[in-house]
Amino acid sequence: MAASRRPDEAPSDEQTAFLESAVERYGKATYNFALRLTENEADARDLTQDAFVRVYRAWRSFKPGTSFLSWIYRIVTNLHRDELRRHKGRYLVELPEENDSRALSGATLTETPIDDYVERQFSEPVARALDGLSTEQRRIVVLADIEECSYQEIATIVGCSVGTVRSRLHRARTQLRKLIDRHMKTST
Amino acid sequence: MNDTHPTFEELLDYAHGELAPARDAALHEHLGACPDCFEAYQAELQVGNLLRAHARETERELPLGFAQALVRNATERRVSFWERWSSLLRPLAAVPIAAAILLVAYFGFARHGGTPRRFDPSYYLEDHAALAASVPFEDAAALPAMLTSDETPEGSDNTP
Chain B
60 MAASRRPDEA PSDEQTAFLE SAVERYGKAT YNFALRLTEN EADARDLTQD
110 AFVRVYRAWR SFKPGTSFLS WIYRIVTNLH RDELRRHKGR YLVELPEEND
160 SRALSGATLT ETPIDDYVER QFSEPVARAL DGLSTEQRRI VVLADIEECS
210 YQEIATIVGC SVGTVRSRLH RARTQLRKLI DRHMKTST
Chain S
4 MNDTHPTFEE LLDYAHGELA PARDAALHEH LGACPDCFEA YQAELQVGNL
54 LRAHARETER ELPLGFAQAL VRNATERRVS FWERWSSLLR PLAAVPIAAA
104 ILLVAYFGFA RHGGTPRRFD PSYYLEDHAA LAASVPFEDA AALPAMLTSD
154 ETPEGSDNTP
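Residue numbers (my numbering), protein chains in the order written: chain B, 60 to 247; chain S, 4 to 163.
Since the hints were made in silico from the structure, they are not lab data.
Because the structure is a prediction, the values reported are computed rather than measured.
Do not rely on the hints blindly, as some may be mistaken.
Calculated cross-link-like contacts (lysine to any residue; reagent style SDA-like; alpha-carbon spacing at most 25 Å) [as the list claims (entries may be wrong)]:
#, chain 1, residue 1, chain 2, residue 2
1, B, K237, S, T10
2, B, K87, S, G68
3, B, K122, S, R75
4, B, K237, S, C40
5, B, K237, S, D39
6, B, K87, S, A58
7, B, K87, S, E62
8, B, K87, S, E64
9, B, K87, S, N52
10, B, K87, B, D105
11, B, K237, B, G222
12, B, K244, S, E42
13, B, K87, S, R63
Construct the complete structure from the given sequences, taking the supplied hints into account.
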């Protein structure tokens, strides 16, 4: 693995072009991943910013042909974990009401109004159920079911064995199903 | 048909495509013939679908100008706290360095003969005494002339 750039080393055009390309292609995915982990827009921005700073500094360590998303998700996951350790728990600031995604027209990717309606019906219980998971469980569920990463990719991103990923995902999904059922009953 | 019903964990791994090929094929065959397991499998798929639907629902575009800010903030040189302090303190370091250079220059010059030796008259007096003692007929030598003074103390009676 090549050494990362020293802080006092002058940036090259190639390095800047690498960053610009990465932000253009993966900025949105990274930001949304950070948003799902933190459930907070300001923290998601900070996390995304810090992740791309690391990408920029360690750009030579990226191996062409490997998954950039896995790499940056790993960076985001580590930064998020560090941040949680520093704060000894969850992020305190919750998502403000005006940032509710439903207020942002055109942001959804549903194909028909019926799909849109169904998704909205279930989105609230799922959001509450996800919120009821521990940070570690939510991280695994987001990676496995939303980002659709393989167990091996998750293990690389999270930094544990495939067996650990498997057992954590099983527990998380069991817990999630119970929570979704509960919130669906309470919402109807 | 495989009569062994899969566990919940196996169904989940199957839904994620994480079973070994042989077990995957066996489970695939089993699900085609066992309505209960198929229903359980569908329920797990449904949870996954709900999660992805929720993700699509809550997906955000990057905030306006954020992509440019990402590049700008990453590429601009960040000066750490220590670097800032050390740059402030750097001129102060010149003072002890200059003092050290001056001290070394002064003492080094003095040690290597830069300053003339002090004249010590006792050395020459002793040397002269030793030399005089070794001269023969020293006792016969004329006494050195006594210095006399024309000055007389006031009030003396030896005036003619």
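These are the hints, each one checked on the structure:
1. With a C-alpha separation of about 17 Å, the suggested pairing of K237 of chain B with T10 of chain S holds against the 25 Å cut-off.
2. The hinted pair formed by K87 of chain B and G68 of chain S meets the criterion: a straight-line CA distance of about 12 Å does not exceed 25 Å.
3. For the given pair, K122 of chain B sits about 24 Å from R75 of chain S by alpha-carbon distance, which is consistent with the 25 Å threshold.
4. Using a Cα cut-off of 25 Å, the hinted pair K237 of chain B and C40 of chain S holds, with the two alpha carbons roughly 19 Å apart.
5. Note on K237 of chain B and D39 of chain S: the hinted pairing holds, with a Cα-Cα distance of about 19 Å set against a maximum of 25 Å.
6. A threshold of 25 Å between alpha carbons decides the hint, and for K87 of chain B with A58 of chain S the separation of about 13 Å falls inside it, so the pair holds.
7. Among the hinted pairs, K87 of chain B with E62 of chain S is consistent with the structure: their alpha-carbon atoms are about 9 Å apart, no more than 25 Å.
8. Between K87 of chain B and E64 of chain S the CA atoms are separated by roughly 6 Å; this keeps the pair inside 25 Å, and the hint holds.
9. With a C-alpha separation of about 21 Å, the suggested pair K87 of chain B and N52 of chain S falls inside the 25 Å cut-off, and the hint holds.
10. Distance restraint check for K87 of chain B and D105 of chain B: the Cα-Cα separation of roughly 14 Å lies within the 25 Å cut-off, and the hinted pair is therefore satisfied.
11. Between K237 of chain B and G222 of chain B the CA atoms are separated by roughly 23 Å; this keeps the pair inside 25 Å, and the hint holds.
12. For the given pair, K244 of chain B sits about 20 Å from E42 of chain S by alpha-carbon distance, which is consistent with the 25 Å threshold.
13. Under the criterion of a C-alpha separation no larger than 25 Å, the hint pairing K87 of chain B with R63 of chain S is consistent with the structure, at around 8 Å.
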